[in-house]
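Participant: Chain by chain, the residues run as shown.
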Amino acid sequence: MNVAQEHTTEHITRVMITGATTPIGRALIAQLLEDEKIRCILALGFETTQKAYAANPDWAESALRLTYQQCDLTRSRHVWKLMFGIAKELKIQAVIHMAQHRAAKDTGRKVHALNVESTKTLMDFSERHPTIKRFIYRSYGDVYKISAALPVLISEDHTLNLEPQAPQWIRDRVEADLTVCTRMGLSPLHIVVLRCAECLCPNQGSQLQDYLSSAVCFRPLGYDPMLNILTLSDMARAMKLALKTEKQGVFNIPGKDTLPLSRVIQLAKRQEISVPGVMLYPLYIARSLTTGTDFRYDMNRYRFHFSCILNGQRARQDLQYTPQQAVQW
Amino acid sequence: MTNLTHLVNAMAKRPLPDEWEECIQRLECKDEGHGYDLFGLHPNWIRTGVALLRFLYEKWFRVRSEGHMHIPPEKGAILASNHSGTLPFDGMMIYLDLLRHSHPTRLPRAIMDHFVPMLPFIGTFFARVGVVGGSRGNFQTLLEQDELVLVFPEGEPGISKPFSKRYQLQDWRIGHVELSIRHQVPVVPVAVVGAEEQMPKIAEVPISMFGIPSLPIPLTLFPLPVRYHIYYGESIPFYERYRPEDADDPEIVNAAALEVKAQVQDLINKGLQRREGVFR
Numbered sequence: 524m525n526v527a528q529e530h531t532t533e534h535i536t537r538v539m540i541t542g543a544t545t546p547i548g549r550a551l552i553a554q555l556l557e558d559e560k561i562r563c564i565l566a567l568g569f570e571t572t573q574k575a576y577a578a579n580p581d582w583a584e585s586a587l588r589l590t591y592q593q594c595d596l597t598r599s600r601h602v603w604k605l606m607f608g609i610a611k612e613l614k615i616q617a618v619i620h621m622a623q624h625r626a627a628k629d630t631g632r633k634v635h636a637l638n639v640e641s642t643k644t645l646m647d648f649s650e651r652h653p654t655i656k657r658f659i660y661r662s663y664g665d666v667y668k669i670s671a672a673l674p675v676l677i678s679e680d681h682t683l684n685l686e687p688q689a690p691q692w693i694r695d696r697v698e699a700d701l702t703v704c705t706r707m708g709l710s711p712l713h714i715v716v717l718r719c720a721e722c723l724c725p726n727q728g729s730q731l732q733d734y735l736s737s738a739v740c741f742r743p744l745g746y747d748p749m750l751n752i753l754t755l756s757d758m759a760r761a762m763k764l765a766l767k768t769e770k771q772g773v774f775n776i777p778g779k780d781t782l783p784l785s786r787v788i789q790l791a792k793r794q795e796i797s798v799p800g801v802m803l804y805p806l807y808i809a810r811s812l813t814t815g816t817d818f819r820y821d822m823n824r825y826r827f828h829f830s831c832i833l834n835g836q837r838a839r840q841d842l843q844y845t846p847q848q849a850v851q852w
Numbered sequence: 042m043t044n045l046t047h048l049v050n051a052m053a054k055r056p057l058p059d060e061w062e063e064c065i066q067r068l069e070c071k072d073e074g075h076g077y078d079l080f081g082l083h084p085n086w087i088r089t090g091v092a093l094l095r096f097l098y099e100k101w102f103r104v105r106s107e108g109h110m111h112i113p114p115e116k117g118a119i120l121a122s123n124h125s126g127t128l129p130f131d132g133m134m135i136y137l138d139l140l141r142h143s144h145p146t147r148l149p150r151a152i153m154d155h156f157v158p159m160l161p162f163i164g165t166f167f168a169r170v171g172v173v174g175g176s177r178g179n180f181q182t183l184l185e186q187d188e189l190v191l192v193f194p195e196g197e198p199g200i201s202k203p204f205s206k207r208y209q210l211q212d213w214r215i216g217h218v219e220l221s222i223r224h225q226v227p228v229v230p231v232a233v234v235g236a237e238e239q240m241p242k243i244a245e246v247p248i249s250m251f252g253i254p255s256l257p258i259p260l261t262l263f264p265l266p267v268r269y270h271i272y273y274g275e276s277i278p279f280y281e282r283y284r285p286e287d288a289d290d291p292e293i294v295n296a297a298a299l300e301v302k303a304q305v306q307d308l309i310n311k312g313l314q315r316r317e318g319v320f321r
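Protein sequence lines correspond, in order, to chains X and Z. Take the first sequence: its position 102, counting from 1, is numbered 625 in the working numbering, and each next residue is one higher. Take the second sequence: its position 132, counting from 1, is numbered 173 in the working numbering, and each next residue is one higher.
Just so you know, these hints were derived from the structure itself, not from any lab. The C-beta atom is built at its ideal place from N, Cα and C for all residues, glycine as well. A portion of the hints provided could be inaccurate.
[Unchecked claim] Here are the simulated lysine-lysine pairs, BS3-like style, with alpha carbons at most 30 Å apart:
1. Z:K242 / Z:K116
2. X:K767 / X:K779
3. X:K560 / X:K604
4. Z:K206 / Z:K311
5. X:K792 / Z:K54
6. X:K574 / X:K611
7. Z:K71 / X:K792
8. X:K668 / Z:K71
9. X:K779 / Z:K116
10. X:K779 / X:K628
11. Z:K71 / X:K779
12. Z:K206 / X:K779
13. X:K767 / X:K656
14. X:K643 / X:K604
15. X:K560 / X:K779
16. X:K656 / X:K604
17. X:K633 / X:K604
18. X:K792 / X:K628
[As the list claims (entries may be wrong)] The following residues of chain Z were derived to be distant from chain X, with all beta-carbon distances above 10 Å:
19. F80
20. L93
21. E107
22. G216
23. P247
24. S255
25. R284
26. G318
[To be verified] Some chain X residues judged to face chain Z by a derived CB distance under 7 Å, without partners named:
27. A578
28. A672
29. L673
30. V675
31. L676
32. G745
33. D747
34. M749
35. T781
36. L782
37. R786
38. F829
All chains, please: the whole structure from these sequences, using the hints.
Facilitator: Okay, here's the thing in structure tokens:
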């Protein structure tokens, strides 16, 4: 896993995307549609077909290349029918899996089923599928452990956050990431895992976005860690590049913006109040209970104290990915 | 912290003496897009740091230094220094001295103990002026970026050693030599004479807060106005003798680390012989 392995692959022209109706899904589809070499996109989402097309009117114009299918990934029989039905008919060559439960406050078996079980199921079916050769998994920079004793610049072999007391949102993401990684080199699939930095965008499950949605942002007194933020367009571009690469492995995908938390709050035009760290947990619990917001301080405690920046060196070398677009504050 | 940033920006606008201002102007910081580098360094904070600590450098400790010609003008290098004085004023004085006297101006990136980033305000201030948390990954990143890295191989036992053990180097860690061989960069031995007497330690309270191993109790609340003498020795080009793969040979690395330690001890001894008094 430390060294991206070479893998000869044919040119990918037929792609299946899960989580197609999420902002990143839409951004990726838009970029793929711009590429004339991509001849077929099978987009999967939880929304009904009518709703999906109503929300994305430009999709109808590309009906010859884009097919949308409603799919509940937690129901394996449903996925099986789809994979060995329409996906087989369309001769899908690559799966880009990025459907994950977005809300951090939701927990339980169903959330785990979508985050982890569906990933296992998709991999199983992809391995048995006659035309699928490549599996690209969108993972998260949140899978890494953050601590004062660990490096600021996080490379792909950085310690993972395997703390049992970590919230399910993180535990599920680590488990799904490892599920995919353990098959690398053993599976007939060409596997690419993209561990993306936080993408500051609404409806994408971004904790930072939710944190900045308040007029007042509380910060731990005396700490101002460096953060790295990714844009939708860069994340979609990284996924597109992962379709083209002949390497398989784990790649960190950083964004163009590297700045301290205080500057993030300032650029978002929010009022900042620094309070002792011990007060932040009850404050944000109260905020979540009263306003229904999703930001959880216990999930972000370490990165609100210690700097963590994804090292994109491997992605630069093997995917030719460099972040290009800064956040439009 | 935004208010603090405003304060820093306001302080940064206050003029420094020309000689300091010119040095800061000459610095090349690796801006990641918002004025900060990966580790959080910002030029305005360097200016503020100089404004806050210049008095200590010029008036209080009246730092004298020699051997700046041994500092490599470019590319990565490791400065290995003795460590003492209960509070890390020695690191600050080397930092200011190199900023002021190295040609071309180079900013040393000091490696701090891993508990320092846990300290509120202090950890942030250190990060903004270029000090980096003590982990192997950070060290390697700095060398890959051709930075001048300042390390104290004695670590915490060095700074908190009892007064009776002054100017006797404690256990010398070897990681810096290993990285020097692996990254093919020279090691410059550095000796600080004077810091040992600034705040003699009289006791130690075992506490465990913010990861601090113990709380030293010094004889004086503030450092004594001892005179600092900083000596930069000839750089040791391990890369001429060893290949990068030799960094995995414990015998080679241990021998090389002992060589650095001996050079630092030698510089200390010579400095002590030349010193006319603690305050002179």
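Participant: Confirm or reject each hint.
Facilitator: We went through each hint and held it up to the structure:
no.	hint	verdict
1	Z:K242 / Z:K116	violated (38 Å)
2	X:K767 / X:K779	holds (22 Å)
3	X:K560 / X:K604	holds (27 Å)
4	Z:K206 / Z:K311	holds (17 Å)
5	X:K792 / Z:K54	holds (24 Å)
6	X:K574 / X:K611	holds (25 Å)
7	Z:K71 / X:K792	holds (26 Å)
8	X:K668 / Z:K71	holds (26 Å)
9	X:K779 / Z:K116	holds (26 Å)
10	X:K779 / X:K628	holds (29 Å)
11	Z:K71 / X:K779	holds (14 Å)
12	Z:K206 / X:K779	violated (49 Å)
13	X:K767 / X:K656	holds (12 Å)
14	X:K643 / X:K604	holds (16 Å)
15	X:K560 / X:K779	holds (28 Å)
16	X:K656 / X:K604	holds (19 Å)
17	X:K633 / X:K604	holds (21 Å)
18	X:K792 / X:K628	holds (26 Å)
19	F80	violated (6 Å)
20	L93	holds (17 Å)
21	E107	holds (34 Å)
22	G216	holds (14 Å)
23	P247	holds (20 Å)
24	S255	holds (18 Å)
25	R284	holds (21 Å)
26	G318	holds (40 Å)
27	A578	violated (33 Å)
28	A672	holds (4 Å)
29	L673	holds (6 Å)
30	V675	holds (6 Å)
31	L676	holds (5 Å)
32	G745	holds (2 Å)
33	D747	holds (5 Å)
34	M749	holds (5 Å)
35	T781	holds (4 Å)
36	L782	holds (4 Å)
37	R786	holds (6 Å)
38	F829	holds (6 Å)
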